[in-house]
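*Asks:* Spelled out, the chains give:
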Amino acid sequence: MHGNIDRRDFLRLAGLGGVAFASGLSGCADLAATRTRDFHFVQLSDSHWGFNGPAVNPEAATTLKRAVAAVNALSQPPDFIVFTGDLTHTTDDPQVRRTRLREFKAIVAELDVRDIRFLPGEHDASLDRGEAFQEFFGPTHYSFDYKDVHFVAVDNVSDPGARVGNEQLAWLAADLDKLDKEAPIVVLTHRPLFDLAPQWDWATRDGEQVLAILMPHEYVTVFYGHIHQEHHYMTGHIPHYAAKSLIFPLPVAGSQPKREPLRWDPAHPFQDLGFREITGGGGATPFAVHELPLGGA
Amino acid sequence: MRVARRRFVAAGAGAFMVALFRGVGAQSDEKAIPVIARKFVFLPNQITLERGEPVVLEFTAPEVVMGFNVPALKLRTDIVPGQVARLRLVPEQEGTFDFLCDVFCGDGHEGMSGHLIVVARAA
Numbered sequence: 083m084h085g086n087i088d089r090r091d092f093l094r095l096a097g098l099g100g101v102a103f104a105s106g107l108s109g110c111a112d113l114a115a116t117r118t119r120d121f122h123f124v125q126l127s128d129s130h131w132g133f134n135g136p137a138v139n140p141e142a143a144t145t146l147k148r149a150v151a152a153v154n155a156l157s158q159p160p161d162f163i164v165f166t167g168d169l170t171h172t173t174d175d176p177q178v179r180r181t182r183l184r185e186f187k188a189i190v191a192e193l194d195v196r197d198i199r200f201l202p203g204e205h206d207a208s209l210d211r212g213e214a215f216q217e218f219f220g221p222t223h224y225s226f227d228y229k230d231v232h233f234v235a236v237d238n239v240s241d242p243g244a245r246v247g248n249e250q251l252a253w254l255a256a257d258l259d260k261l262d263k264e265a266p267i268v269v270l271t272h273r274p275l276f277d278l279a280p281q282w283d284w285a286t287r288d289g290e291q292v293l294a295i296l297m298p299h300e301y302v303t304v305f306y307g308h309i310h311q312e313h314h315y316m317t318g319h320i321p322h323y324a325a326k327s328l329i330f331p332l333p334v335a336g337s338q339p340k341r342e343p344l345r346w347d348p349a350h351p352f353q354d355l356g357f358r359e360i361t362g363g364g365g366a367t368p369f370a371v372h373e374l375p376l377g378g379a
Numbered sequence: 049m050r051v052a053r054r055r056f057v058a059a060g061a062g063a064f065m066v067a068l069f070r071g072v073g074a075q076s077d078e079k080a081i082p083v084i085a086r087k088f089v090f091l092p093n094q095i096t097l098e099r100g101e102p103v104v105l106e107f108t109a110p111e112v113v114m115g116f117n118v119p120a121l122k123l124r125t126d127i128v129p130g131q132v133a134r135l136r137l138v139p140e141q142e143g144t145f146d147f148l149c150d151v152f153c154g155d156g157h158e159g160m161s162g163h164l165i166v167v168a169r170a171a
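In the order they appear, the protein sequences are chains A and B. Residue numbers for the first sequence follow my numbering, so the first one is 83 and each next one is one higher. Residue numbers for the second sequence follow my numbering, so the first one is 49 and each next one is one higher.
Don't read these hints as lab results, they were simulated from the structure. We put the beta carbon where it would ideally sit given N, CA and C, even for glycine. Treat the hints with care, as some may be off.
Derived pair list, reagent style BS3-like, types lysine-lysine, alpha-carbon separation capped at 25 Å [unchecked claim]:
#1 B:Lys79 <-> A:Lys340
#2 A:Lys147 <-> A:Lys187
#3 A:Lys340 <-> B:Lys87
Taking beta-carbon pairs under 8 Å as the criterion, some of the chain B residues facing chain A (in silico) [stated by the list, open to error]:
#4 Phe88
#5 Gly100
#6 Glu101
#7 Val103
#8 Gly143
#9 Asp150
#10 Val151
#11 Gly154
#12 Asp155
#13 Glu158
#14 Gly162
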């Protein structure tokens with residue numbers, strides 16, 4: 083099955099999953115132990131630090147700082163934070179790129195949560211194949227474990243042609259091969275791994291090969307950025323969730339002739355910008371995704 | 049070459065008959081259409097073809113590596129500075145098909161797109 087997930091369907095499924103989870107284990111000693119394996123993390127994406135375009139965001143110099151303050155103000159601090167690419171806006175000048183990465187790093191250093199995982203976007207990494215990004219944030223693809231969940235960061239941007247590439251594909255296959263097929267996996271990446279809208283460059287050239295590696299695993303969830311809007315989609319049993327941006331929203335694919343940012347609405351500043359909280363522990367119960375607007379309710 | 053030609057026919061779902069060449073001169077019965085891919089525009093960005101007329105699109109990129117991609121037709125090529133990338137095709141389906149640069153080339157890449165327009169052949 084391939085298709086969009088209605089947000090209500092997702093919440094209903096998550097809710098039912100919770101009911102089944104609670105009732106199935108009621109009175110069982112495993113219940114408390116299993117629940118303590120739950121955690122929550124925050125996904126931030128596409129801040130494009132260095133972007134200058136007053137018509138689409140006259141608050142470009144303050145928007146990322148606003149997001150940092152919003153995350154710090156959460157009533158329950160996240161266990162960790164992931165940043166799924168396009169930390170900075172692209173530039174042809176390698177020194178300006180490094181200045182933007184340095185400034186970005188200083189701003190997010192104000193986050194109270196210190197455990198932050200960074201991924202590059204094409205704006206950070208495509209013009210120098212990730213060289214500057216790696217100077218500031220280390221490898222562009224990697225994996226880590228948090229409680230029972232295996233996280234994998236997939237780089238589909240250091241190649242300007244949006245390929246993951248054979249070397250990383252082999253690494254990914256070997257990394258996942260060590261896991262039980264029922265082990266929960268979260269994939270973090272920048273571009274969609276499926277052909278969301280190739281006519282707008284919303285795709286990964288060899289994303290199909292990534293999905294072929296993921297498909298034998300039972301509990302896989304993908305969180306990504308790039309398209310500057312919330313979007314839910316299924317490829318087989320794998321849900322994919324695109325995050326909102328922290329600089330400007332983009333239109334729904336094909337809704338207008340050009341892939342141009344939506345203009346700033348002075349009556350609704352920061353509209354359609356935001357981040358998300360993700361709660362769960364993987365496995366049969368889907369992650370619960372909670373979108374948080376940057377402009378207030 | 050025949051194998052490549054068949055492969056592209058299949059990939060294009062019959063919409064185009066296509067063969068991809070690099071560094072090979074256009075043949076005499078084909079109409080050659082030069083296309084320049086520069087930051088951040090294709091020149092021209094509207095390419096009108098007549099249905100059934102053999103053409104060869106001849107791409108050059110004077111600055112950096114670019115990509116030309118018509119997703120609806122599964123038709124693409126890299127365009128490397130200093131080389132001519134040729135896409136040889138016979139359009140078989142009328143319509144308007146979006147194309148874009150699919151190799152990230154800088155601030156403005158997102159707007160680098162155009163249309164391939166196939167019209168009925170003039171009598």
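*Asks:* All hints, please: hold or fail.
*Replies:* Results of checking the hints against the structure:
As the CA atoms of Lys79 of chain B and Lys340 of chain A are separated by approximately 29 Å, the hinted pair breaks the 25 Å bound. At most 25 Å may separate the alpha-carbon atoms for a hinted pair to count; Lys147 of chain A and Lys187 of chain A meet this at roughly 11 Å. Distance restraint check for Lys340 of chain A and Lys87 of chain B: the Cα-Cα separation of roughly 17 Å lies within the 25 Å cut-off, and the hinted pair is therefore satisfied. Taken as an interface hint, Phe88 of chain B does not check out: its beta carbon lies about 11 Å from the nearest beta carbon of chain A, beyond 8 Å.
Interface hint status for Gly100 of chain B: violated, as the beta-carbon distance to the closest one in chain A is roughly 25 Å, over 8 Å. A least Cβ separation of about 24 Å between Glu101 of chain B and chain A goes past the 8 Å threshold, and the interface hint is therefore violated. The interface hint given for Val103 of chain B is violated, since its Cβ lies 21 Å from the closest Cβ of chain A, which is over the 8 Å cut-off. Hint on Gly143 of chain B is violated. Least Cβ distance to chain A is approximately 13 Å, over the 8 Å limit.
For Asp150 of chain B, the suggested interface contact is upheld, since its CB lies about 6 Å from the closest CB of chain A, less than 8 Å. Because the closest C-beta pair between Val151 of chain B and chain A is about 5 Å apart, less than 8 Å, the hint holds. For Gly154 of chain B, the shortest C-beta to C-beta distance to chain A is roughly 6 Å, which falls under 8 Å, so the interface hint holds. Given the 8 Å rule on beta carbons, the hint for Asp155 of chain B holds: about 5 Å separates it from the nearest Cβ of chain A.
Of the supplied interface hints, the one on Glu158 of chain B holds, with its beta-carbon coming within about 5 Å of a beta-carbon of chain A, less than 8 Å. About 11 Å separates the beta-carbon of Gly162 of chain B from the nearest beta-carbon of chain A, more than 8 Å, and the hint is not met.
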